[in-house]
Amino acid sequence: MSTAPSSATATARAAALAPKPTSLRGRRSVLRRLFVLPALVYMALFFGYPLVRNVLMSFQHYTPKTYFTGEAPFNGLDNWRAVFSDELFAHSLWHTAVFTIGSLAGQFTLGLALAVFFSRRFRLSGTIRAVLLLPWLVPMVVSAVVWRRILDQDHGILNSALQALGLTDSGVPWLSSPSVALLSAILVNIWIGIPFNMVILYGGLQEIPRELYEAASLDGASPWRTFRSITLPLLRPVVTVVLVLGFMSTVKILDLILALTSGGPADSTQTLGTVTYQLSFLQLDFGQGAVVGNVLILISAVFAVLYLRANRADFGTGK
Amino acid sequence: MQRPARRTRLIVAAAAALSALGPTGCATTPDPGTVTVLNSATDAAEHDANQEFFDRCAKPLGLRVEQISVPADTVASKALRMASSDSLTDILELDGSELPQFAGTGGLRPLNEIGLNTSGFSDSATSLGSHDGEQYGVARSVNSLALLYNKDMLREAGAEPPATWDELRETAKKLTSGDTYGMAFSASPNADGVYQFLPFFWSGGGDEAQLDNGRGEAALELWKNMLDDKSVSASAVNWNQQDVNDQFVAGRAAMMINGPWQVPVLSEQDEVDWAVATIPVPEAGQDAVPPIGGTVMAVPKNEDGPERERNAAKILNCLNEEENQLAWGERVNNVPTRAAAAGRYAAENPELAPFVDLVATARSRTAQVGTRWPVIQDALAGSFQSVLTGRSEPGAALKRAQSQAADGEK
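Going down the list, the protein sequences come from chains A and B. Position 282 of the first sequence, counting from 1, maps to 282 under the numbering used here, and the rest follow consecutively. The numbering used here runs 319 ahead of the 1-based position in the second sequence.
Please keep in mind that the hints were generated in silico from the structure rather than gathered at the bench. No experiment lies behind these values; they were computed from the predicted model shown. Careful: at least some of the hints might be erroneous.
Said to hold, decoys possible - Pairwise CB distance ranges, derived in the manner of DEER restraints:
1) 529(B) to 312(A): 52 to 62 Å
2) 77(A) to 725(B): 17 to 27 Å
3) 528(B) to 81(A): 52 to 62 Å
4) 249(A) to 669(B): 53 to 63 Å
5) 589(B) to 43(A): 55 to 65 Å
Using N, Cα and C, we set each Cβ at its ideal position, and we do this for glycine too.
So that you can see chain B by itself, here it is in the shape it has in the complex:
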């Protein structure tokens, strides 16, 4: 899941800066009947929900699952420290965009080697879990971004949910009045902002492997125009995805870009009557290309205990059975990755159906650029931040971003 930035990570990161240097070990006891999982389910409800699904799968196999949960932004560094002390868990649940970093180390087991059934998954989910043509991670459910809108505000303005960029700009203008902006998105200089920029960047023809291919500028211009029209707040450059949702719920934005993980918050409040539409595209009839997000489960290599790897694979196979995927997807408001489960999900949750369609055409951030993604992400963030704050023109910003990305490769 592309999570809202967590404040706690700051402190933890600072502490991790020191501890990463020192030898830290917390060797897990290799009890043969237990499968250990490292994930980010620090929230009690999330932790329990995970445990429930793990137990459901482990009991019939005569196994037990033990979760080790740390804040989402520290999973990667925690996993690295565990790896250095040879105490990695049997299952590692990472954000999809972090998978290449781990797969690239050679420390993960290709899933087909341990008997994981990887057929019947959507292409986007498979690509989210793959690195260099090999599948290392499996996603139970995935998310993406869509346009969420305030039904009442659109009705009052006599507007329809916009389908193209021109309509988006017009509708946003029309919806802006008084304290309310027509549109809100996150343009923060981190993963949140980049995640939200990608559907525009990609739908316009932008290419993360060649940022200055001449087609990414259109998305920058669209964002900049909407800021200049004053139909998006200038504060968007500071907003993470959570802030955007807060603005929407407070009635200060009539439309927003956001993901299905906001559904619980949106359903709990009754101020705003909302609905989901697909992300607007440059020209009518085109397919939107949003990013695909979510966590993937991977199995670290365990040379001393091949049976541990097999046990982990059995659990993963069970978690990804159609029924379990569907139940899990409904629990976390994400779209199941098996095409069959996704179809049933769309039928049972018609209000979230646009997400199902979007996920089908969605693209993985790391499919093309793999381990270089963090550097490119940074360069992309720099480009929209400098354009939105009037520091540079779209063309120049992307040229600079490309040279940054190329420098980072060395």
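Bound conformation, chain A alone:
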């Protein structure tokens, strides 16, 4: 809003000239509310409306015809029943859980290890840190395409390397076996997620006062003890942020999986995201797609609430 600052200064000037303190206060409170209004309108338009529509849609028979006629008859719980009775939904829920937990655990552990490693300054640490950011900068779909080649069973370099080391004879069927494909997807996602975790945790580490480490070393604390008693507790707020943000971007994974395996082989990498995509955009049953979308929103919402609570505990009540 380009007019806001100028009108604010104008009002402030007017307020300075105004003799009555009561009207001044009244005007101020109106003004304050006006400043909130654009944000409220924005939220209602771009978050509230789609959310409500998505919930409504899950109770409607919403098909291509709807777009032409505008008619979307309500069909009660039909969509929900159809989705929940499909065994693919249960499988994809399970895959999503495994994928999310596996990815977060890997990303976080490796990200933290690298952050701690780079917090000791040494030659070229800046350069190496910059190089490690690469996976984050490359578009997800590009990463997936590259990894598809790396993980190719016959000609991928990963299998070639393993064969050269004598670790496997025939090559691991990274993406072509239903029992390995989900693991492969998790590994790729860990690779993609490490930079994000590392950068945020590294930032958090910089905030921890050096004196504490000096004091600990004077007291003769071992590195592990220092990590557990100083680094981890002081890093806690940042850890929460990293994990919750990581959770929300991982649980709705779609692009990586589609480009890597298209949900296969034999549905072994179907997640809630790919099922939504399949229902809404391939089968054009937008009502059923909305059901799965709502489940995803619900899961994310639960964690968002947990996050806000943790945040309040860590940073006080927002005063």
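With chain A fixed as given, assemble chain B onto it according to the hints.
Only chain B this time, still in chain A's reference frame:
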């Protein structure tokens, strides 16, 4: 055209997920002299080629054609959004398999109502553009699948292009050595894989309306056997049709199933000397039944502007004149749909003649099942994926697929 999966669709689809919910409008200005087209010609050369043909037809009529091109996988959702804001283009070019979804909404004009000349087309092309016995879409050219083979490799192995399934299995085994697999096909769990499975499924007697009719298993067994023989890579379950072509061009597959849209890529390289043969059938002498693919042009209903519908029909009539069809078919390496044009196409492009024969017996994916096709496609993909990965037996896989397809109907 049955296109190789486009990566971009992923991002766009995610974005579309939100925008589909909101009111989006980009009303086209209804300039009476302009005919608007929604198509997937996002590639500059493809866009220009389309424009050239449109202009050729529009100029004599005193019209102008304006293309709106979006990625192939988003044409349907873009069209739906346009429909909801009453701003659909005058001509809508869709993949043939998507036509029933649109025709079923009642939003398309039956072509005979606006004076479109629909005679002289091949039966397969007519069925590709039809829904419930009414023709809503017209295809200028169509494609199908054939067996493409590496001439040198076959010569060295002393093999002929296989004509039956048994020969296919034997030849593939013979051609497999070292880094090279005898055969490659796409078995990805999406439209690409299903498109490639259909010629085997149908030629064996499989029925998309009744997946567990007891005759589809043979095709699953053939695919599984070839994987077990190690004459097809286990990675085939991840390969889309583009990947299959890449393997073939890299010399890692001696034969492959693919379509004529790969011809430009194949002609540009000079590593592999290739040729086209018909798709092998279960027993000698049978006709192969491959799927027919390609885009169809449809005319959305425009109650406020009947003259716009008529203008669109005039353009379509012109595009489908024999000469124009032939020129277009040669430009995009697809087979013209008028029998006369197809005959000349085969004579002028003998190396692609097998495609012309295949198209004549080819079948539309949606002719029988119409709007249910997306669900059935998914169920079929599930069946070959679970068989190829050893998760289930052919019979059980198709039973499960049929119950999935039936569930999806409700």
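Hint-by-hint comparison with the structure:
no., hint, in the structure
1, 529(B) to 312(A): 52 to 62 Å, "holds, 59 Å"
2, 77(A) to 725(B): 17 to 27 Å, "holds, 20 Å"
3, 528(B) to 81(A): 52 to 62 Å, "violated, 25 Å"
4, 249(A) to 669(B): 53 to 63 Å, "holds, 54 Å"
5, 589(B) to 43(A): 55 to 65 Å, "holds, 60 Å"
In summary, the structure is inconsistent with hint 3 from the numbered list given earlier, while agreeing with all the others.
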